[in-house]
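A.B. asks: Letter by letter, the chains look like this.
There are 2 protein chains.
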Amino acid sequence: MTQPDARIVDLFAGTAVASWKQNLERLDAIFAAVSDDDLQKEVAPRKNRLFYLLGHLVAVHDRMLPLLRLGARLHPELDEPFIIKADRTAPDTVTPAALRAAWTEVNTALTTAIEGLPSAAWLERHEAVSAEDFAKEPLRNRLAVLLSRSAHVQFHTGQIRLVAKQA
Amino acid sequence: MTQPDARIVDLFAGTAVASWKQNLERLDAIFAAVSDDDLQKEVAPRKNRLFYLLGHLVAVHDRMLPLLRLGARLHPELDEPFIIKADRTAPDTVTPAALRAAWTEVNTALTTAIEGLPSAAWLERHEAVSAEDFAKEPLRNRLAVLLSRSAHVQFHTGQIRLVAKQA
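Going line by line, the protein sequences match chains A and B. Heads up: the first sequence begins at 1342 in this note's numbering, then just goes up one per residue. Heads up: the second sequence begins at 1342 in this note's numbering, then just goes up one per residue.
Any copy will do: because identical chains look the same in the list, a pair fits if it lies in one copy or spans two.
Below are the EDC-like pairs computed for lysine to aspartate or glutamate, each with C-alpha atoms no more than 20 Å apart in a straight line:
id	residue 1	residue 2
1	1506	1383
2	1362	1478
3	1477	1351
No lab work stands behind these hints, which were simulated from the structure alone. Bear in mind that the values here come from a model prediction, so they are computed numbers and not experimental data.
Hey, can you work out the whole structure from these sequences and the hints?
C.D. replies: Right under this line is the structure:
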């Protein structure tokens, strides 16, 4: 691969990163406006509580650190209650305050690392694809993970907005 | 701007287009598996019906054709019932069959045009920004619209999935 024009590559990466940040900031503002009591609301009858979705999103974003090869996880203990187990299948072991702190901590670490990644590095493989498979499937890159997780943020934001106002 | 490396630009654009198509195909499969009767279901009590969200998504995607400067709209008549008016504020004037046909027609036209756009053209301005403003804010490009509307698809997919199974 010859050296690409730096500006065009920066614009592609910059547009994708701006979209990620915008989606995340909107959801962050929504959660910030929800009281701890209201985190117990379900997005629809017998569906996930806001509390569970908050923990779920923290855990999924925490997993993005190694998946994007940006660093080690900060809160692997959240997988069990918020990814492996369904909502309300076990007592809550995390307080709302601790969960909110983890949400901010993980998103800050992740977005800082995302912003520091050189633009062309978005086209490098993500951690879950082998070098051999990646040679055949070059779209399995870090950018695909960012877009997929951005989609995941929006998927749950749509649900959360059913019971929480736009901030 | 010097000529960029074609492959790296294709990979950036290709990853974003693949993400758009994947999100849209998943939602298309979900709608295809919902019966016309079940389109009357609300995603949550007193929230939008699936029927309304289907029409809303057709109208928003139809607007993407001029917004991305890819062509004229196909169904501007859907704005009134599905963007301007809220759900159930007027009798339905479109049948489920007509709405499903418009959904397929619009998405096919849009995705064909999206796939035909040269990679570097994603960094050109979208229709809603003036050339003057775009010179100052180069992230207001076609790619930003694609990512924003991809986010919109996911926002409503999260809601639709509360009452419709993954196909």
